[in-house]
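Generate coordinates for the entire structure from the input sequences, incorporating the hints supplied.
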Amino acid sequence: ESSRSERTNRPLTIAYEPGSVFKVFSWATLLERGAVAEDAVFDTRGGYEPEVFRKYGIAPITDLSNYGILNLQGALVHSSNVAVAQATENLEATDFYTMLKNFGFGAPTALPLPGESHGLLNPVQEWSARSKPTIAIGQEVGVSAVQIAAAATTLANGGVLLQPRIVKDVVAADGSVVKEYPRT
Numbered sequence: 001e002s003s004r005s006e007r008t009n010r011p012l013t014i015a016y017e018p019g020s021v022f023k024v025f026s027w028a029t030l031l032e033r034g035a036v037a038e039d040a041v042f043d044t045r046g047g048y049e050p051e052v053f054r055k056y057g058i059a060p061i062t063d064l065s066n067y068g069i070l071n072l073q074g075a076l077v078h079s080s081n082v083a084v085a086q087a088t089e090n091l092e093a094t095d096f097y098t099m100l101k102n103f104g105f106g107a108p109t110a111l112p113l114p115g116e117s118h119g120l121l122n123p124v125q126e127w128s129a130r131s132k133p134t135i136a137i138g139q140e141v142g143v144s145a146v147q148i149a150a151a152a153t154t155l156a157n158g159g160v161l162l163q164p165r166i167v168k169d170v171v172a173a174d175g176s177v178v179k180e181y182p183r184t
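Numbering (my numbering), first residue to last: 1 to 184.
Just so you know, these hints were derived from the structure itself, not from any lab.
Here the structure is a predicted model, which is why all the values come from computation and not from measurement.
There could be a bad hint or two in this list.
Claimed, not checked - Using 27 Å as the maximum straight-line C-alpha spacing, the simulated DSS-like pairs for lysine-lysine come out as follows:
| # | residue 1 | residue 2 |
| --- | --- | --- |
| 1 | K101 | K132 |
| 2 | K55 | K179 |
| 3 | K168 | K101 |
| 4 | K179 | K168 |
Below you can see the structure in the form of structure tokens.
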């Protein structure tokens, strides 16, 4: 049983912290849940350090540079940690968690491959005061490359998550389709 996690009794698999690439799912969640308006403005000067961070000595969330005042487009262009962290203040943790689960994070994609990762998306009751804004910037969450690719299908398919597949169809030498693997 050394190949299983004692805490979860799930097979140990590889996942990585996605970082900024994850922000697209955070912004999509924020927009879908009405937690941020398309005309929102973010003051990114000085980083993100709400009262709870100061109270408990939690390090602020910062950007690589001082981007100043950003609209939503600027927050996306600059991949602003501060802007997305600020925006999460208007989003309930349970809504954020549910939307991330709906994107397929925290669960295997069901590809028939050995060692597929379920990733890491802790339940809300295990989140700290920093978890929501930290997850929004792609930290404190673990994903597989297939999960990211599958989640991205929702952005290209009107919000519908498609199960990834390895083979679309099997074609005979004469060009006829022997077996199809339809989208799920």
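To see whether the hints hold, each was checked on the structure:
no.	hint	verdict
1	K101 x K132	holds, 14 Å
2	K55 x K179	violated, 61 Å
3	K168 x K101	holds, 26 Å
4	K179 x K168	holds, 9 Å
Checked against the numbered hints listed earlier, the structure breaks hint 2 alone; every other hint is satisfied.
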